[in-house]
Every structure is written in C-alpha cells, then in structure tokens.
Amino acid sequence: MLNLFLWLRYLRKKKIVLLSIAAVALSCSLLIVVTSLFNSFINAFEQSAVETMGDVVLTPPIKFTNYPMLIERLEGLGAVEAATATISAPGLVHLGKGNVRAVIIWGIEPGRRQKVTGFKRFLLKQKDSATAPSFATDSATGKLGGFVGVGVVAEPDEKTDEYDFGEIEKMMGKRAVLTTGAAVESRVDDKRGRQFKRRVLPFTIADVLFTGMYYVDEKFVYLPIEQLQKILYPNEEGGIADQIQIKLTNDAQTDAAMAQIRGVWEEFAEKQLGWGSYLISQAEVSTSKQMQSQYAAELRKQMGVLLFIFGVISLTVVVLVFCIFYMIVETRQKDIAVIRSCGASGGAVALTFVGFGACVGIIGSVLGAVLGYAVTKNINAIEEWIRVIFGLKLWKSSVYMFSKIPNEVDWAWALPIIFFAVAAAVVGALIPAVVAARTEPVNILRYE
Amino acid sequence: MYKVILPFRYLFKKRISYLALVAVALCVFIVVVVMTVMTGLVRDFKQKNHSFVGDCVVGTESLVGFSYYEDFMKVLEQADFIEGLSAAIKNYALINPKGSQRSVGVEIMGIDPVRHSEATGFGETLHYSKSDVSRTFKPSYDPNLAGCVVGIDLWLGRDAKGQYTYAAKPERQALGVSCFPLTPKGALAKAGAGEVNTKTFYYSDTSHSGLARVDSSFVYLPFEQAQSLCGMDRPVKRASWLHIKFGPNVKPEAGCEKVALLWRQFVRGKGAGLLDTVKVQSWKDYRRPFIAAMEKEQTMLTAMFVLVGVTTVFIVLVVFYMIISHKSKDIGVLKSVGISNSNILLLFLCFAFWVGVFGSAIGAAAGWQFLVHINQIENWLFEHFEFQLWDRTIYAIGDIPNTIDLEVLAVIIVSAIGACLAGALIPSWQAARQKPVEILQVTQL
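Heads up: the sequence lines are chains F and G, in that order. FYI, the numbering for the first sequence is 68 to 515, going by my numbering. FYI, the numbering for the second sequence is 17 to 461, going by my numbering.
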C-alpha cells in the first residue's frame, strides 16, 4: 500500500518521471512500428505468391502433356481442394500507338484458377459477376479475349501513385497484339530438332486485373490456355502445361499434402508421360511461400539489422531512467530515511524503487504500444498527409511492390518488445534502488 | 579562468558526466555508421546513373522516337561546351539464345559504342573490349558477325561475394532478337505481314553498369541495326535519345539550359507538333524515378535519427539537472564573489559543449574505426556464420560503402553538440537564477 502511495505521489509530483515514461513509450512504439511494418510487408509478399499461384506449385523441368488427367488425380487427394494448369511464355505486347511493353503471358483456365487463387476479385469488370470469370468479349464475339494487368495498360499517377480507372475501362474491348514464341519440333538442314518459333497473336482485352501487387499488375497478360497452346505448340495435342498450381483444403497438413502430390506426380509422369526417373525427380513441388523464401529471409535479415540498430539506441532509455531515478533517490532521501526509520528493510526500499521502475516501464510501454498500433494502422493515412503537406510521396508501388503499405500490427513481436521495455525500465531503476536501500536514516534525519 | 577549469573538473570528476558522454558517443557512433553506409549507397547509385546516362539527354519516352536527330546533332557538335554526343535507339524486344528453348523480354539499346563511350561511361562497363571500344560489337570469334552486348545479369550469375566469373574469351552464342517495328505515328510498321522484325546477333561482350535494373534487362546492339529492327530507319530516320557529355568546366545545370535553348531554336525551324514529346533533361531528372526512391529512404532514416537526437537532449538535460543540484554550493560561492547570471549560464553551457565535443569525438572515432573494418567484419561474419548485410546474389552491391563524408560527419558532430547545448539549457538557466543567499545560508550547508 505504501509503495503504491509513493509511486502515485512521485508520478504526480515529479514531472521529470513523465520524461522517462515518454522515452520508454517512444522507443517501444518505434520498435513496434518497425517490426509490424516489416512483418506485414513480408507476410504480404508471401501472401501475394499464394494469391498468384495458390498454396502449392508443381513445376516440372519441361512442359508436359495431358494435364487434365493429372489435375483430376490431384483433386482426388483429400488434401487438395482444387488445381489448375498454366503455361507461360515471355512476350511483347503492342497496345496502341507507340505503346509496346515486355510482358509475361500466362495461359490459364479462368474457372479453375478462380477456385485456386480466387483471382476474380481482382478483375475490374467481372469481380461482381455471379458467373465464373471468362475471356468472352462483348464486342468481338469469336475473337481471342485476354486479361491484362492494370500496369500493362496504364501507369499510376506520378504524384498520387493511383490509377485512372476511367481511362483503364476504355481499354476494355480494345485490340492488342502479342509476339511470343516457343520451342517446337522442326526440321533444319534435314535434321529434326527443337527450334524456337516466333508467334504473333492479336487479342481483345476482355478485362483488366488490379491485384495491388505491382509486379503482377505490370507484367502479366492472361490468355485461355487452350488457345495459347494451339498458337505456341500447334502440332501437339493433349493439354500442355508447364506448371500446376494447387489449393489445399483448410485442414490439410502442408508437408503431408506435398508428399502426396509428389507421389501422384511421379506415378503420372512415369506411366502417362513415360519420363525417366531423373527427369521426374527434377520436378519441384513447393509451397508458393517457399518459392519466395530467399527474398523473405533477406527482408527478415534487414529487419533484424534495423531492430538491432534501434535496439542499441533504445539502450539510452535505460540510461535516461537511471538518471531520473538517481535524481529522485537523491532528492527524496528524507522520504527514504523516514520509511527506513519506521522499520522498513533496505530490500523493501529497493523494491519500492524497482517497482516504481516497473510501473514507469508498464505505463510507458502500454502508451508505446497504443502509439505503435495507431501509427501502424494509420500508416497509409500518415503517408498521404505527408504527400499532401510536403509533396513527398514516400510509398510507390513501383518501388515497394504493393499499392498500399501493409499495416498489420504484429503482436507476436510487439509483446516481447513491451516486455523488454518494462525490463529496460527496471534495469535502469536498479542502481538507484540499491543506493536508496543503502541510505542510513541516522545520517539523513539528524538535526544538524 | 574558472570557465575553463570548472567544466573540465565537472566532466572528469563527476562520474555521472560519463553517462552523458556515453549516450552522446553511442548516438554519434550509430548515426555515423548508418549514415555513412546509406550516403555511400546513394552516392554510388547516383554516380552509376550519371555514368549510364551522361550529363544530359534529349529525347522522348515514346518508343516511336523522334526524327531530325541528325540535324540536331550537327547543331550540338558545333557547341564548344559539349564534349561527347551519342544517339541511341530504345525499345523492347524478345531475345532467344539459339539452341535454347526459352526466350526473355528485354530492353534493347542501339548505340555507336565509340560515341556512346565518349558521352557516357559505357566503355568502362565492358569486360572484353574495355580497352578498345570500337571492337565492342565485333565478336572475337568472328569479327564479321553482328555482335551484341548483354547486361551482365542476363548472362552470368553472381557468387555469394557478388563476383562474376568470366570466361577467358566470349563464347560463340547467337541470339535471336525480335521487336515490333513502329511507324512514326506508332502503328505497327509490318501490320499483317508477320508484324515483328527478327535479326540474329552474336554475343560479343557483357556490360556491368552496377545498376541492377539495367544489368538484368538491357541488351546493346549496333545503332544502325537496332534502328532498322525497330523500323526507325524509314521513312525518315529516328532515334530515341541523344546522350550528351559536357566539357570539364561546364556545370550540368548550365549545360542543360544551353542545350534546351538550342533545342527550342531548332524546333522553331521544324514546324509545330512534330517534336512535342521531346524533352531536354539532366541525368538526374532522367533517372529521377529510380534515384528518388533511395533519396526518400535516406530522408526517412534521417528523420528517425532526429528522434535519436531528441533522446540525447533529454539524457543531457537529466544529467545536468543532477550535476547542478549537486553543485549548488559552487554556484553560490561563484555568485557571491560577483560572477553574473550570464557567466554562470555560460559556464554550464561550456560544460555541455565539452560533453558534446568529447562524446561526439569518441563516437566519431569509434564509428570511423568500425567503418574502416566493416567489410572485414562482414567477411568474417560470412565465413563463420554465413551472415551478410546484403545477400550479394540478390543485391547488386559490392563492398559496403565506408568512406566517411566529411560534410555528413560535420553535420552529425554539430548536431550532437547542439543537442547537448539544448539539453543543458534549462538546468543551466535554473543554476544561473539561484540566489547565493539561499544556497549558502547555514541551514543549507
């Protein structure tokens, strides 16, 4: 009770204590904001792979035929909810006068892809449609329709980093021309071999994708897999794909599911494709998050370095708390002497100041957590204010991948930070507490 | 004299002063190290961009390019402030190594290697033909073939230390390059007739500009052949950009203004509307989208370190508050012998000044030592723990920049001293206002 009384008194009377609370709060919030923003970014980065490619990706070393059968078998597994095939090729797209872009062309099955990645929500025109996404075009019935990323047809505004969706809508139904190519079986100098053949294919823009992931929005053009196959590999039949993207069921164990998928693939490749064991083993079965792991690890390392730097700087909080507490102990010698003369032990006095340190740490770190939460959650609004007030656009999707700053508070990191902030305040209070404990009441309270 | 002796006495006799010293030194150390590395990265990046572009460019983002560039080059060649001038073609293309089943989308740049090396640092980026850039597009295995230079990251992989392993000579490798030829109005020049132009070039060299985006997406071709491939050789010849290097005594801004003036005069004689999209830009403006991102990160980091400075101010404030509360008798004695309030204020501000000077000197010296050995430390960490500050297989960064920018160092030291003075101001003011009669009365002694 006495401790509580003294803590409240010091909090009210000693304004300088507020300084230590502010320092703890500031350091705590800074670390929470840094870890939350970094971890949100890493999570968004990994999630972007899931949203683009599904949970698990099967990538054989070369393209293969008869993918519908493989998909059927994969979907027969209890752990697999849906699977879809893709075929990809780099290309150039000509979108109008003087407008040429380097792109990646993906042949996809829109209905199945919707089940695996839920990509319909990114389609500007069809996102609210009740039917499955389709390449059908309004104006050019019978013509090849395709989807393009929003960044393929437009550039975000230099100042606001936002797209002009009015202009983008006008692109729908417009004709574009793709040039791409693939290695196909051909005869050169009386020898049969695989030759790279260039293909040119006009298509109509059926819809535009806006995923908020700059690389995906800027680079990808989607065409129906069957048509792309016919154009790239006119002499081959039986459903050609170079990747299978898979969505797992919610309760699936990822490792076990991947082992099952690999088993199905090995059997399929051996019996249906007639591949040898070496070629079969070269197929990669990995989660889409694993495919990003090198970059994610690098981002985590950078976060670690930044946290180390700010952690070292936060050590000054310990010094600050120490100085303030030392000052309180020095100026409150009479209080301490009175308490000790009433029979309190040195340990009890020390505990009073250590407790006060913990109290400062708790208040500071809670305030810091609230501040950190508020800053993290409103980081996009803060960034917008900075743009409006100073004309400085800090976040650009072309640099940082995403249209918006990922802003989830990472409590798994925030809680240890709060704990360390309290511990830092306690450590800072430790030496002053010992000094207080060693105070001799007789020296302080004597008349002269 | 007391203004010299007392600050040093307080600094070395009061152990609490060491705390302020340590806090200042720690902050200066961190700021010096981080800002040196960050400033070094930004400076290096700017330098590489400058080298890639030259001092000034005239041209258009449109892939159609602009005509009459040869006439304007003649005008520029007569200007005495221009040292180097090179025309370039830029477009997107699909390249396919012959014998390979894959292709890749790239940016092509058609240049005259000799002229381009005079206007930019292109020659320095080459590996095999660095000493004789005229042979850039002549593959050593057959100089009669049309050569091409490939951005290094399209051709070679980096090892864990960020190094590339070159073969003794370039290997014979044919590359099919395809692109859309465009008319002056931007329409497809070969509409309905295959639509693309394709030509085979042979690998003759690699270019290592140090710019990740350039090295991973650029292929350089002979100017005339790129012009023909992109349909820019007819009906009138067109180019995308003119790269300009100014003489040694010409300031880039002044040079750009002169070029802009020449361009305006040139356009007046050519009729309105034809060359509207053409811009005259300094290398900084031309590469602004890339440079600005790094500059912003530097600004954000600086803002964060301002917060660090604020913490230092508070630490100094508290330490001084403590020292002054313990030295009230000294203040009383000094004032009783006639020292004025302002001199007492000055005395403690002198003390704060020396705390700032010694603290920042210790921090700067420690930072300097750390920076001198930072690459050795990183190598040791990599050898023993496989830790690198940046994974060199991902980032196009060589050694960690460790050259201290004296201007930055001076700003940091002055800021640290300023923070100390700011922190000491309130306690010093309170000390100056103390009354000797209250401090020295017998009940207080």
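Check before you lean on any hint, since a few could be wrong.
Calculated pairs, PhoX-like style, for lysine-lysine (alpha carbon to alpha carbon, straight line, at most 25 Å) [stated by the list, open to error]:
1. F:Lys81 - G:Lys345
2. G:Lys345 - F:Lys444
3. G:Lys343 - F:Lys80
4. G:Lys201 - F:Lys81
5. F:Lys82 - G:Lys343
6. F:Lys368 - G:Lys343
7. G:Lys185 - F:Lys80
8. G:Lys312 - F:Lys471
9. G:Lys451 - F:Lys130
10. G:Lys201 - F:Lys401
11. G:Lys201 - F:Lys164
12. G:Lys312 - F:Lys460
13. G:Lys62 - F:Lys226
14. F:Lys460 - G:Lys295
15. F:Lys81 - F:Lys182
16. G:Lys300 - F:Lys226
17. G:Lys62 - F:Lys164
18. G:Lys312 - F:Lys401
19. F:Lys241 - G:Lys300
Worth flagging that the hints you see were computed from the coordinates, not collected in a lab.
We went through each hint and held it up to the structure:
| no. | hint | result |
| --- | --- | --- |
| 1 | F:Lys81 - G:Lys345 | 23 Å, holds |
| 2 | G:Lys345 - F:Lys444 | 52 Å, violated |
| 3 | G:Lys343 - F:Lys80 | 23 Å, holds |
| 4 | G:Lys201 - F:Lys81 | 76 Å, violated |
| 5 | F:Lys82 - G:Lys343 | 22 Å, holds |
| 6 | F:Lys368 - G:Lys343 | 48 Å, violated |
| 7 | G:Lys185 - F:Lys80 | 80 Å, violated |
| 8 | G:Lys312 - F:Lys471 | 17 Å, holds |
| 9 | G:Lys451 - F:Lys130 | 91 Å, violated |
| 10 | G:Lys201 - F:Lys401 | 90 Å, violated |
| 11 | G:Lys201 - F:Lys164 | 7 Å, holds |
| 12 | G:Lys312 - F:Lys460 | 9 Å, holds |
| 13 | G:Lys62 - F:Lys226 | 22 Å, holds |
| 14 | F:Lys460 - G:Lys295 | 24 Å, holds |
| 15 | F:Lys81 - F:Lys182 | 63 Å, violated |
| 16 | G:Lys300 - F:Lys226 | 18 Å, holds |
| 17 | G:Lys62 - F:Lys164 | 33 Å, violated |
| 18 | G:Lys312 - F:Lys401 | 54 Å, violated |
| 19 | F:Lys241 - G:Lys300 | 36 Å, violated |
Hint check: violations occur at hints 2, 4, 6, 7, 9, 10, 15, 17, 18 and 19; the rest are consistent with the structure.
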